[in-house]
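Trainee: Let chain A serve as the given structure and place chain B with the ligands on it in line with the hints.
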Amino acid sequence: MIEIKDLTKIYHVPGQEILALDNVSLCVKKGEIFGIIGLSGAGKSTLIRCINMLEKPTAGSILIDGQEITTFNNKQLRLARQKIGMIFQHFNLLSSRTVFDNVMFPLEIAKVPRGEAGKRVTGLLELVGLADKTKVYPAQLSGGQKQRVGIARALANHPKLLLCDEATSALDPQTTRSILELLKDINHQLNLTILLITHDMNVIRQICDRVAVIDNSRIVEAGDVLDVFSNPQTPTARSFISTVINREIPAELLHRPETDNNGAATKLIRVSFIGASAGEPVISSLVQKYAVHANILYGNIDRVKDTPFGNLTLELIGESAKLDAGIDYLQSRGLNIEVLKA
Amino acid sequence: MTEIISGLLAGLPAFFETNAWVPESVAIATWETIYMVAFSTGISYVFGLPLGVILVTTDEGHILANKGVNQILGSIVNMVRSIPFIIFLILIIPLTRLIVGTPIGTIASIVPLTLAAIPFVARLVETALKEIDRGLIEAAQSMGASAWDIIAKVLIPEAKPSLILGVAITTINLVGYSAMAGIVGGGGLGTLAYYYGYQRYEDVIMWVTVVVLILLVQGVQMLGDGLAARIASKRR
Ligand SMILES: Nc1ncnc2c1ncn2[C@@H]1O[C@H](COP(=O)(O)OP(=O)(O)OP(=O)(O)O)[C@@H](O)[C@H]1O
Ligand SMILES: [Mg+2]
Numbered sequence: 000m001i002e003i004k005d006l007t008k009i010y011h012v013p014g015q016e017i018l019a020l021d022n023v024s025l026c027v028k029k030g031e032i033f034g035i036i037g038l039s040g041a042g043k044s045t046l047i048r049c050i051n052m053l054e055k056p057t058a059g060s061i062l063i064d065g066q067e068i069t070t071f072n073n074k075q076l077r078l079a080r081q082k083i084g085m086i087f088q089h090f091n092l093l094s095s096r097t098v099f100d101n102v103m104f105p106l107e108i109a110k111v112p113r114g115e116a117g118k119r120v121t122g123l124l125e126l127v128g129l130a131d132k133t134k135v136y137p138a139q140l141s142g143g144q145k146q147r148v149g150i151a152r153a154l155a156n157h158p159k160l161l162l163c164d165e166a167t168s169a170l171d172p173q174t175t176r177s178i179l180e181l182l183k184d185i186n187h188q189l190n191l192t193i194l195l196i197t198h199d200m201n202v203i204r205q206i207c208d209r210v211a212v213i214d215n216s217r218i219v220e221a222g223d224v225l226d227v228f229s230n231p232q233t234p235t236a237r238s239f240i241s242t243v244i245n246r247e248i249p250a251e252l253l254h255r256p257e258t259d260n261n262g263a264a265t266k267l268i269r270v271s272f273i274g275a276s277a278g279e280p281v282i283s284s285l286v287q288k289y290a291v292h293a294n295i296l297y298g299n300i301d302r303v304k305d306t307p308f309g310n311l312t313l314e315l316i317g318e319s320a321k322l323d324a325g326i327d328y329l330q331s332r333g334l335n336i337e338v339l340k341a
Numbered sequence: 000m001t002e003i004i005s006g007l008l009a010g011l012p013a014f015f016e017t018n019a020w021v022p023e024s025v026a027i028a029t030w031e032t033i034y035m036v037a038f039s040t041g042i043s044y045v046f047g048l049p050l051g052v053i054l055v056t057t058d059e060g061h062i063l064a065n066k067g068v069n070q071i072l073g074s075i076v077n078m079v080r081s082i083p084f085i086i087f088l089i090l091i092i093p094l095t096r097l098i099v100g101t102p103i104g105t106i107a108s109i110v111p112l113t114l115a116a117i118p119f120v121a122r123l124v125e126t127a128l129k130e131i132d133r134g135l136i137e138a139a140q141s142m143g144a145s146a147w148d149i150i151a152k153v154l155i156p157e158a159k160p161s162l163i164l165g166v167a168i169t170t171i172n173l174v175g176y177s178a179m180a181g182i183v184g185g186g187g188l189g190t191l192a193y194y195y196g197y198q199r200y201e202d203v204i205m206w207v208t209v210v211v212l213i214l215l216v217q218g219v220q221m222l223g224d225g226l227a228a229r230i231a232s233k234r235r
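Which chain is which? The protein sequence lines are A and B, in order.
Residue 222 in numbering that gives the first Met the number 0 sits at position 223 of the first sequence; the count goes up by one each step and never skips.
Residue 72 in numbering that gives the first Met the number 0 sits at position 73 of the second sequence; the count goes up by one each step and never skips.
These are calculated hints, taken from the structure and not from any lab test.
Please read these numbers as outputs of a predicted model, since none were measured by experiment.
Take the hints with a grain of salt, since some may be wrong.
List time: in silico DSS-like cross-link candidates among lysine-lysine, alpha-carbon distance up to 25 Å [what the hints assert, rightly or not]:
1) A:K55 <-> A:K82
2) B:K129 <-> A:K132
3) B:K159 <-> A:K134
Just chain A, with the same shape it has in the complex (with noise of 0.2 Å):
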């Protein structure tokens, strides 16, 4: 669907050059919602915008169902834009239309035919819950109201992808968590393709399929966001993913001594396990195939979009030999094991 290649932008301002992208390379597949995550200044904004060229690019390629936008002349690219919503994290509605014309907007753009046009106004104001804001001005809305036009006049034109520049950004958690779930319902019933752009760790938790992370201007960080939440290869990585579950390690578990009272060698590991191995009685069997006991020291479940992912911290104890055997039983079982204190 989408395919960037060595995608390069620098800013020229007075005085110095900013190098806000640095050769991105990105790949998203049609119909998944695929998430960029980086702190503020990382070059989030500047990747999105330049996908519909908003930004142009110092250098690179980008290519939207095989076409090369950026060598697009002006009318290509606008028929193009009509085709690629935008969503964004101050909603940017005309205050001088209502909610309805505001919806209209793209399809007067497009000059869809004025009664094909209300139709499909009137259908998206239900599809997104504001069937009752039909003639109120946004002023009136409150920012998930807003956000829920935004996202109908974004959809208006029937795009084949919908960009979401910090989309939840300015909402409170209960109304963020409202919007994701209608993007998701989006992406389920029209097989829309989402890309968004966030620094905050739920969204790509709750919504996204895959995750891209980015920081100082480069990617150093793609895959499935289950891999990535499962098995972080990059400091960035690790510590988003810390802001949504509790990988800290309390410093008294890591000064514990490391052989317990009887002189057993212990070993403290972490064990995360994604979906289905979250019922089988592993632990159990460590116990009983192994002569290894292990002591739950710290642990939870969430959800990573609909996949339910765990973590435990565990304190193996046991003869040395046979905690070596344990873990690399755990590891057979499918689940990432990452030792934490030998």
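Mentor: Relative to the frame of chain A, chain B with the ligands by itself:
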């Protein structure tokens, strides 16, 4: 002050008795002023509005960014605006004569009034349109809007309340300018006040003119404020 006013008021009945023509000539002069100002406001917007739009949209980073055009138009506007109206009026007499045939009279006054108001209107429009949130323009661009779409469907409708206030300010300014034009034979209240009030020391005519001017200005401002407030309150 009160003495002057009560003196004037006391003199009024006697004055109107011996000068029965006054109410009629005040009415005619008022009407001349109104249509002089109305026409020049209207025509100055025909040219000033597009000029203001061009000044905004050709600015750096805007939808039709064009440094050359922006700077040239900007300096022309500044040039005209820096000439005091009373001098401008005399300066363009040849042009007025060319267009209207004579430099004297109400119709002739419309030429300098309009020409002086165009750059003023352009700056007012520019200021109003500059206020529009860049996010709105970007949102429209992201939908594939053309520059024309953005001007007609975003910039002007969003700026409507302040554009309307701008029309009121322009009109009021032109009422003042038209009085100046009146002094050099432009007709309207200015001419009346000047000939009868200043040259013949008819204080009453002066004061009546002043009162009519005050009423005109008040009326225009109230109309502008009212319209702008009505639109703004709907959107609030
Ligand atoms: N129009 C611009 N002109 C100059 N520099 C810019 C411009 N836009 C962004 N930058 C710079 O480019 C870098 C990346 O900015 P960008 O807006 O893409 O970050 P971001 O990841 O979206 O951050 P945030 O989370 O704060 O929105 C920053 O250093 C920023 O200062
Ligand atoms: Mg940003």
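Trainee: Going through the numbered hints above, which ones does this structure break? Give me the numbers in ascending order.
Mentor: Number 2 - this is the single hint that the structure violates.
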